[in-house]
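Trainee: If you're matching them up, the sequences are chains A and B in order. Following my numbering, the numbering of the first sequence begins with 497 at its first residue and continues without gaps. Following my numbering, the numbering of the second sequence begins with 497 at its first residue and continues without gaps.
Treat the hints loosely; a few may be bogus.
For identical chains, the list gives no copy identity; a pair is met inside one copy or between any two copies.
Straight-line Cα separation of at most 20 Å, EDC-like style, residue types lysine to aspartate or glutamate; simulated pairs [stated by the list, open to error]: (1) LYS891 x GLU599; (2) LYS748 x ASP704; (3) LYS509 x GLU868; (4) LYS755 x ASP874; (5) LYS509 x GLU663; (6) LYS526 x ASP700; (7) LYS870 x ASP828; (8) LYS668 x GLU505; (9) LYS884 x GLU963; (10) LYS832 x GLU505; (11) LYS832 x GLU524; (12) LYS966 x GLU894; (13) LYS888 x GLU711; (14) LYS884 x GLU955; (15) LYS721 x GLU756; (16) LYS832 x ASP630; (17) LYS572 x ASP821; (18) LYS526 x GLU925; (19) LYS509 x ASP828; (20) LYS600 x GLU546.
It should be emphasised that the hints constitute simulated quantities derived from the structure, not laboratory data.
Protein chains: 2
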Amino acid sequence: MPRELNINENIVKLEYAVRGPIPQRAAEMKKQGREIFPCNIGNPQALGQEPISYYRQVLSLVEAPSKIERERKLKKLFKNNPAAFEGFEDNEFIPDYFLDLAEKILSQLGASIGAYTESRGPQFIREAVARYIDKRDGVDDRTGVPADPGKMYLTNGASEGVRNVLEMFITKPTDGVMIPIPQYPLYSATIRRLGGTQVNYYPDEDNDWTLSRSELERSISEARKNGVDVKIIVVINPGNPTGAVLDEQSVKEVIEFAKEYNLAIIADEVYQENTYGLPFFSFAKVLGKENVLLFSLHSVSKGFYGECGHRGGYMEVRNSFKVKDSEIDLADLFVKQASVNLCSNTVGQTLTYLMVNPPEEGSEPYGQYMQERKKILDDLHEKATMTKEAFKEMKGVECFGKTGALYLFPRLNLPAGITDFDYCMNLLEATGLSTVNGSGFGQKEGTTHLRFAFLPPKEMLEKVLPEWIKFHNEYVSR
Amino acid sequence: MPRELNINENIVKLEYAVRGPIPQRAAEMKKQGREIFPCNIGNPQALGQEPISYYRQVLSLVEAPSKIERERKLKKLFKNNPAAFEGFEDNEFIPDYFLDLAEKILSQLGASIGAYTESRGPQFIREAVARYIDKRDGVDDRTGVPADPGKMYLTNGASEGVRNVLEMFITKPTDGVMIPIPQYPLYSATIRRLGGTQVNYYPDEDNDWTLSRSELERSISEARKNGVDVKIIVVINPGNPTGAVLDEQSVKEVIEFAKEYNLAIIADEVYQENTYGLPFFSFAKVLGKENVLLFSLHSVSKGFYGECGHRGGYMEVRNSFKVKDSEIDLADLFVKQASVNLCSNTVGQTLTYLMVNPPEEGSEPYGQYMQERKKILDDLHEKATMTKEAFKEMKGVECFGKTGALYLFPRLNLPAGITDFDYCMNLLEATGLSTVNGSGFGQKEGTTHLRFAFLPPKEMLEKVLPEWIKFHNEYVSR
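The whole structure should be built from the sequences, with the hints applied where relevant.
Mentor: Okay, here's the thing in structure tokens:
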């Protein structure tokens with residue numbers, strides 16, 4: 497019997513509710529044959545969301561390049577003699593646009609997709625990401641600061657980027673990171689793993705989760721009183737779990753605050769496409785020429801892409817600086833850090849390239865791409881609206897924030913003595929609906945919430961929402 | 497100007513020679529148009545090694561499932577009317593075996609490959625890995641301890657597994673990890689990043705890098721004298737950078753040693769297929785029913801697979817135990833740790849499945865698969881032998897160890913005052929050959945080495961080896 501080796505207490509203690517007891521119980525119930533509605537996690541394709549065909553067709557060719565030439569031959573045969581291809585439609589062949597693009601990607605990789613790339617990802621992908629950012633923000637040399645491909649890092653999802661940044665700054669227990677409450681537990685868990693201090697600030701729920709300077713000041717001064725050296729502020733926009741979309745003023749407040757207190761900003765912007773018609777204000781754009789250290793993150797997992805399993809993403813650094821007592825640039829240090837794991841996965845890298853490089857307007861596949869994109873986003877918006885309507889029929893439930901991301905985070909206002917964990921567990925047992933209790937994300941003392949990912953097909957929602965309403969009104973009236 | 501935020505010193509100081517100054521200089525030279533022979537890294541497909549077609553054909557279908565039905569239709573048309581497919585051969589169609597397997601994988605995933613999986617990877621893949629291990633080791637309930645799919649973790653390459661284990665155990669600066677010198681710098685870098693202590697032990701170069709109990713004892717007692725609490729011993733077999741294949745006795749020595757001193761073992765076995773005819777003794781097999789905590793690692797990056805960029809791999813835990821003062825099993829703690837990043841990339845997972853689940857004997861693609869496999873391994877062996885022959889013509893160079901992995905690690909025996917870093921840098925400038933200096937891996941005081949990855953095409957070797965011999969004999973005679 498091995499002696500009881502000491503295990504990292506930070507891992508023993510960390511909590512990750514999104515994969516915690518409620519989804520675990522849901523998994524058991526599913527094994528026993530119960531119907532489960534998995535609304536605990538933003539995992540669209542697990543709930544039947546179709547992948548964007550542009551992405552998959554190109555990835556499929558990049559994996560098996562011999563299929564490119566073969567497809568060209570097939571298309572020629574079909575064109576010359578369609579009768580021989582009984583039952584085949586024109587649209588069953590792969591558009592030349594995809595064939596050409598797959599060839600171009602392979603040629604720019606300079607090797608098979610099975611080779612390691614540069615630690616931070618291939619140059620051509622980092623350049624494409626930079627162009628995407630500049631286009632999104634309407635920025636050029638004249639109006640702002642264009643993105644720099646040399647300060648771009650491709651990562652296995654955004655989670656890896658977050659971890660890499662936090663690891664770079666947390667060096668002792670008194671190193672503090674400000675995070676919004678409620679927050680995505682990646683942050684609390686990673687800060688704990690690295691042995692730093694979590695410093696809470698509270699967006700104003702009743703004002704649609706806006707950020708105010710006074711709350712940020714309260715938070716940092718309290719932390720400093722306790723001897724915490726706050727180094728970073730994290731903002732998640734659109735919010736997770738709140739789903740709230742920040743206005744420009746909130747983004748500005750954070751930048752001014754960070755400037756005054758010399759904090760770095762982590763802008764988690766993975767839901768930037770999920771604003772359902774509202775404008776998105778990126779930190780990079782609002783930052784402009786201000787000299788504040790910014791890390792912004794994006795991934796292929798959310799938006800209309802929904803390619804969670806492929807673990808693709810990027811981190812961008814702005815306003816890097818020389819590390820104290822050395823000639824090393826912080827941006828280069830991130831390259832060294834990345835090099836220990838050699839590179840992020842190349843399929844995720846390629847998908848990141850496709851995400852930032854959609855079919856050109858007017859090209860053969862453009863129409864279908866735009867249609868698929870619109871269908872997914874419209875559908876998500878409709879499902880969010882349906883769910884918000886259902887909340888109106890639940891006694892005491894209030895839901896704030898302009899709808900964004902993939903989540904709703906209703907305030908349950910449960911009777912005293914009932915926790916939201918109990919509520920969610922009972923909801924699961926009664927209806928098969930799997931959600932995450934608000935306490936898993938943190939929330940203002942005395943409030944109760946849950947996070948609902950509005951991803952299931954409409955038919956499923958139509959089935960489960962009435963059951964939820966019924967459960968709720970009975971449960972709170974017991 | 498942001499204040500000079502304190503940066504993690506452990507990252508500032510870490511060194512990663514495989515991607516260090518020599519390969520960086522090589523990249524510059526390449527940009528300037530010089531021909532470079534990149535033998536600094538085990539990245540086979542970057543040097544033209546063809547991917548195994550089995551892997552890529554199935555991955556390609558899993559990315560674009562609509563192609564499965566289409567291929568069945570095409571095959572039927574071809575069969576009925578081959579004349580209509582002018583210029584097409586039978587073997588240009590995808591074997592039913594691959595079509596069926598891709599369908600089976602998708603059905604076992606229960607969702608598109610774009611969905612997150614369980615944190616540690618899907619059950620069916622973990623089961624396939626367990627079967628693979630048992631088959632490899634010829635183990636069943638009667639003869640040993642079968643592998644447990646519940647203690648298997650799919651990872652982004654083996655690097656992630658190493659990091660996860662070390663993070664679990666390193667909690668303070670006096671926590672020690674024994675590593676062989678020379679070693680793969682992933683270990684030294686990760687120990688440094690996590691703030692633990694590296695404890696060196698020296699395999700016996702002159703005896704083909706075998707391990708002896710007395711050297712292990714020397715190493716641990718010295719560390720303990722310095723107040724280091726040694727928790728883990730790392731073994732890399734076949735070795736990196738040495739390329740040496742361990743005999744059964746060496747593996748046994750380590751297990752007995754670990755048992756006596758209550759250490760966990762990390763067995764880095766990513767080169768298990770690269771033994772070129774020599775037997776491979778896995779730690780799991782030699783361990784048998786001994787109750788020693790073992791972590792064994794494998795990946796899709798090496799062997800004959802060479803799929804580095806896909807970042808697939810697994811970690812297996814044997815002889816887990818309950819964490820002190822808690823009811824938590826260590827094996828479950830690894831699940832929680834993995835859950836923070838949600839899951840490893842699903843394409844890497846699928847490739848891991850294909851690696852452990854080759855085409856069945858007698859199936860349609862079996863012959864081609866075996867042929868491709870043999871070609872790659874024979875080729876590698878031949879290239880290692882060619883290079884070893886060249887060493888005989890280099891004054892003072894000696895190369896020990898039975899050939900394994902993808903590397904040779906010749907002892908250069910350079911004249912006093914010349915470092916192997918200088919040698920490698922000059923070799924690069926003179927010939928375009930990019931290698932890694934022995935000091936990048938650590939080596940016995942006073943010795944000089946380099947690591948050479950025997951991956952370039954034979955024609956390239958035939959070109960560069962004579963130039964290397966010429967450079968060498970001139971350089972050491974200056």
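Trainee: When no copy is named, should LYS668 and GLU505 be tagged within, between, both, or neither for a Cα gap of at most 20 Å?
Mentor: both (15 Å within a copy, 11 Å between copies)
Trainee: Since the copies are identical, ignore which copy is meant and state whether LYS748 and ASP704 lie within 20 Å (CA to CA) inside a copy, between copies, both or neither.
Mentor: within (17 Å within a copy, 64 Å between copies)
Trainee: Given identical chains, is LYS526 near ASP700, meaning Cα to Cα at most 20 Å, within a copy, between copies, both, or neither?
Mentor: Answer is neither: 37 Å inside a copy and 55 Å across each miss the 20 Å cutoff.
Trainee: Tell me, please, which holds for LYS832 and ASP630 at an alpha-carbon limit of 20 Å: within, between, both or neither?
Mentor: Result: close neither inside a copy nor across copies, 26 Å intra and 38 Å inter.
Trainee: Given a CA cutoff of 20 Å, do LYS870 and ASP828 count as a within-copy pair, a between-copy pair, both, or neither?
Mentor: This pair counts as neither: shortest intra-copy Cα distance 39 Å, inter-copy 41 Å.
Trainee: Which holds for LYS832 with GLU505 at a C-alpha limit of 20 Å: within a copy, between copies, both or neither?
Mentor: between (28 Å within a copy, 13 Å between copies)
Trainee: If the cut is 20 Å between Cα atoms, do LYS755 and ASP874 qualify within a copy, between copies, both or neither?
Mentor: Cα proximity of LYS755 and ASP874: none, with 38 Å in one copy and 61 Å across.
Trainee: Is it within, between, both or neither when you check LYS509 against ASP828 at 20 Å Cα-Cα?
Mentor: Result: close only across copies, 13 Å inter versus 33 Å intra.
Trainee: Have a look at LYS888 and GLU711 and pick one of within, between, both or neither, based on CA distance no larger than 20 Å.
Mentor: Classified as neither: same-chain Cα gap 30 Å, cross-chain 73 Å, threshold 20 Å.
Trainee: Measure nothing new, just compare the shortest in-copy and cross-copy C-alpha distances for LYS884 and GLU963 to 20 Å and report within, between, both or neither.
Mentor: This pair counts as within: shortest intra-copy Cα distance 15 Å, inter-copy 73 Å.
Trainee: Measure nothing new, just compare the shortest in-copy and cross-copy C-alpha distances for LYS721 and GLU756 to 20 Å and report within, between, both or neither.
Mentor: within (18 Å within a copy, 49 Å between copies)
Trainee: Is it within, between, both or neither when you check LYS600 against GLU546 at 20 Å Cα-Cα?
Mentor: between (26 Å within a copy, 19 Å between copies)
Hint compliance for this structure: hints 1, 3, 4, 6, 7, 13, 16, 17 are broken, all remaining hints hold.
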